[in-house]
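J.: Chains as they are written, first to last, in the numbering used here: chain X, 1 to 314; chain C, 1 to 314; chain E, 1 to 314; chain R, 1 to 314.
Since the hints were derived computationally from the structure, they do not count as laboratory data.
One or more hints might be untrue.
Pairs involving identical chains hold if they fit within one copy or between any two copies, as the list cannot separate such chains.
Listed below are the simulated DSS-like cross-link pairs for lysine-lysine, each with C-alpha atoms no more than 25 Å apart in a straight line [what the hints assert, rightly or not]:
(1) 242 / 132
(2) 157 / 9
(3) 232 / 9
(4) 246 / 132
(5) 108 / 157
(6) 22 / 246
Computed from a predicted model, the values in this text were never measured in an experiment.
There are 4 protein chains.
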Amino acid sequence: MTADRNAGKSIESLFPHFITQKDLPILVSSNDAIFSDVDAVLCCLPHGTTQEIIKALPKGLKIVDLSADFRLRDTSEYEEWYGQPHRAPDLQEEAIYGLTEIFREEIKNARLVANPGCYPTSIQLPLVPLIKSKLIEYKNIIIDSKSGASGAGRGAKVANLYTELTEGIMSYGVTRHRHVPEIEQGLSHAAHSKVTVSFTPHLMPMSRGMQSTIYVEMAPGVTAEDLYQQLKVSYEDEEFVKLLEKGVVPRTHDVRGSNYCYMNVFPDRISGRAIIISVIDNLVKGASGQALQNLNIMMGFPENTGLGYLPLFP
Amino acid sequence: MTADRNAGKSIESLFPHFITQKDLPILVSSNDAIFSDVDAVLCCLPHGTTQEIIKALPKGLKIVDLSADFRLRDTSEYEEWYGQPHRAPDLQEEAIYGLTEIFREEIKNARLVANPGCYPTSIQLPLVPLIKSKLIEYKNIIIDSKSGASGAGRGAKVANLYTELTEGIMSYGVTRHRHVPEIEQGLSHAAHSKVTVSFTPHLMPMSRGMQSTIYVEMAPGVTAEDLYQQLKVSYEDEEFVKLLEKGVVPRTHDVRGSNYCYMNVFPDRISGRAIIISVIDNLVKGASGQALQNLNIMMGFPENTGLGYLPLFP
Amino acid sequence: MTADRNAGKSIESLFPHFITQKDLPILVSSNDAIFSDVDAVLCCLPHGTTQEIIKALPKGLKIVDLSADFRLRDTSEYEEWYGQPHRAPDLQEEAIYGLTEIFREEIKNARLVANPGCYPTSIQLPLVPLIKSKLIEYKNIIIDSKSGASGAGRGAKVANLYTELTEGIMSYGVTRHRHVPEIEQGLSHAAHSKVTVSFTPHLMPMSRGMQSTIYVEMAPGVTAEDLYQQLKVSYEDEEFVKLLEKGVVPRTHDVRGSNYCYMNVFPDRISGRAIIISVIDNLVKGASGQALQNLNIMMGFPENTGLGYLPLFP
Amino acid sequence: MTADRNAGKSIESLFPHFITQKDLPILVSSNDAIFSDVDAVLCCLPHGTTQEIIKALPKGLKIVDLSADFRLRDTSEYEEWYGQPHRAPDLQEEAIYGLTEIFREEIKNARLVANPGCYPTSIQLPLVPLIKSKLIEYKNIIIDSKSGASGAGRGAKVANLYTELTEGIMSYGVTRHRHVPEIEQGLSHAAHSKVTVSFTPHLMPMSRGMQSTIYVEMAPGVTAEDLYQQLKVSYEDEEFVKLLEKGVVPRTHDVRGSNYCYMNVFPDRISGRAIIISVIDNLVKGASGQALQNLNIMMGFPENTGLGYLPLFP
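Take these sequences, add in the hints, and give me the full structure.
T.: This is the structure in structure tokens:
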């Protein structure tokens, strides 16, 4: 387990909720890490720093990268949204996008998996099967997403202080959030044509949890029931993606601390439209949980290894 | 000041934050209230009980009713959404809808004002001027609203316990919330034609505050800038409705505890669409504050009497 | 799994975070429960209703009772604090008090274990060893405890609404909380003489978590270091009770969702005094977790069976 | 209104809840401030930087300093707790400690008032009259205080992030908080002898609000009723300090956003002891509100000028 400015410290000194665990390693500088005994790497570095570090790793390592650095297939799009040229375009070509339930087969043989962003996970899981099956229109997809504050990371910023966030909500990054190209890439791939979405994230006074409320136009003659049946078929054998009973509203509480995605479909008041709601824990299915799920697949382990945690409620 | 089961108690015994105020009245049963010295009444009773009580009040009283009982002009629509026939259809004809900035002239001479719901206030304030000026399409108006828990009232329900709400969010009343007919009535009136909206409320882990994120299609050739300019013209002389500087996101924090509505307009990524955000304190501009604003107008007082409270931040 | 008004429903319809689990039983009325195939019972009924129900259960069952009904050895004290005579005094004599780390040997052979209250657990775990070793004075023990709102249960009361609790704190039950006799019973037993404590609980705007800040006078010549060393000896082999490194403050965050108790000792500014801090999750080590720990011991299972959950942070 | 790195900006760009106010000044660098038209200054700079700045101000200005720089009469104590020598000992001699209700007469003629800390305000208001009247013992005063997160200021620190604080509590600065010498100074002054207290602050998951739960030994023969009567006499004519009805628990909710201090006294279970609870809003009576109260007195204005805000509940 590597660290930068915390190298030399124990994990439990940084995260006291681990002090009960035995034989925890001391954090080492990534320069001092010895990779000869390592089979796989979970790479959790900031966007923009990851490409060169992964380039320098031994070629035999399996890698799941949790940054955005290898998510966008089009490196010019990466440059546009992240403000710097891509530094490892060869690796980008090799990288598999790790939305597990959609790309499981590709992940099995992948060496480098780009773990999806939290918003894109909550949005693509319901939309990709509906787009592939041509049940919804590709235009005018309106996505109103809500995220807990942990999505902003642990950086020391005034905007993320307790006093700034508690008891209030706000939109942010309206039309300009960096997850937009990742969402559109996934939906366009499913549609075999360019999809442009309306995506507005909102910051919630809670630590964990993410909901995407998605407003769609259905294809002519299609009903919300058709959407429901399609999602049922798509996910009925999945352990971590659950379509709820009809009429039951997915709640972030019910997935908190777990790798589950709950979703459901509702007919809209406006004829021909439907409302899709999906919820995840942004830190688990939206980040580390899906990363572990992907790593399990890459290593040939049971896919749910280490992911047995049930949601914590209340 | 009247009460039902708390008649005979002092206000400060129920709300200890008032103990510092002198000469607070003892709560009396509404049956024991003497109306001969009373000029005006703020009626804060549950939906369904208000109609008969107001019918029995002296005719000379000015009344602002905070329930939903006189908000819907069409009494059959009332029956449909509230599950019981309207018991005072004559009064309904007389009632003026108290969305202050839109119906100020009518309120001036009103005897009975139906104070708007919180969601309808946050939604109609930005949309009515845009619809009247034909800048947006009347179809496919998608409204994703978020409310603090005080919107659910002070009733003792498991669903509203601290442990059920903290650190989680959820949609509720999807397509079936009782504010739908009130919103559609207001927008249809502005449009001179029937408007059907998509409206999804969400419950937030916060006490006060409401945001409506509204996704609209603009009329052909219209830009978000046109919408911004229209709202600027509509509200530049208003004390309690504020269009923010371009690009500034309205936050519920910035209106908490006050009668203000902040709003702004953003161009969407999808060509021809715009995103409108409005925020209020659901208990003030969304309820008691607007009621007082209306009463001030009815009584000929300065409109901001008693409404000088600034937002409380943090 | 039994229920009262929810008999006939599935667990996952009441607690949707369980829908992912297979073969969950349907809730049955306790009258319809068939005990012939049952080895043990976790009894989670309200105080006052438990005694007669347990009296009626087959004698061969192992029982962990999470109510207060069998915690007080002195049935007259039960009557004084709970306002009704004890209805099963014979069972009371048989009941073992389930503070696991203190009474493990007795629990091994117990048929009926009275699971401790949350406050008493957080208080007795640090104090009992210090009292037994005569390191602290038995008089003037001042306990200032803080609990999350889940300690109040899931009953629909106005006082426990989100809007009443968020962003505020309050003492309650000052000197009269029902956990007082349980705490004093445990400390008096350790001291072999009557101990009377000052105990003030406080309600916190959080769902889970409990901290007891305990202010004690040390015996003549004793230092905080002596207290630390005693607790180290008492708990160094315990899996679920952890004395932190010197100077490290226990935080409720670091035990949330887990069965751990973290504690530490600090010298006070006032000479001869010390400050002891202990934290638990009131719903786990303070309730269901300790119950399971006790049941494991009674059944001869490894003590940590089903208790491997790590704390959830953030 | 001056600023450092924000000089040149408008207030409302930093605090959007002020955009509704007219004629707000642009922030100027303190070097560019013109003091010739200024009568009084509220100085809100960090501890350690204030002394030299105040030294350089025109001598005719009335000053209320909200930092800790002039609170400690003993400059060697300042050096011990703040880690640097006092740079304006002459001004220190002149400074009046601004605990309004206790030192009102001295404040009337003061030129420089050192505004008290939040914890010391909540602690001294109840304790000073009880010590002066010799109703409580000076030894073994145990103070368990709880503060909202705004007490930590607006600095960007990881420890104050939303995700670090929500849904958890923790003690901090055990026996070493910088408010200790200020508290002991005030109590020692009232006692005419050195008082050493036990003081443990706790950080709460809320933005505003502070409670001190104070555990005291009463003088021989004194009862909690005597304490109650003394506080009643001391504060019955005070507008901002309120002794509640007997048995009513002060709650931070009931003073939030206001300059009030609520307090009450309870007999302890341990004979001869009492529990005193006081609550304030740490940002108002604990900081800016008391500063304004002091300035009003210094300027000869009605003491409640600008302080008419009622608590905001819920």
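J.: So, for every hint listed, does it hold in this structure?
T.: Against the structure, the hints come out as follows:
no. : hint      : in the structure
1   : 242 / 132 : within (19 Å within a copy, 44 Å between copies)
2   : 157 / 9   : both (24 Å within a copy, 20 Å between copies)
3   : 232 / 9   : between (47 Å within a copy, 23 Å between copies)
4   : 246 / 132 : within (22 Å within a copy, 38 Å between copies)
5   : 108 / 157 : neither (39 Å within a copy, 41 Å between copies)
6   : 22 / 246  : between (45 Å within a copy, 19 Å between copies)
In summary, the structure is inconsistent with hint 5 from the numbered list given earlier, while agreeing with all the others.
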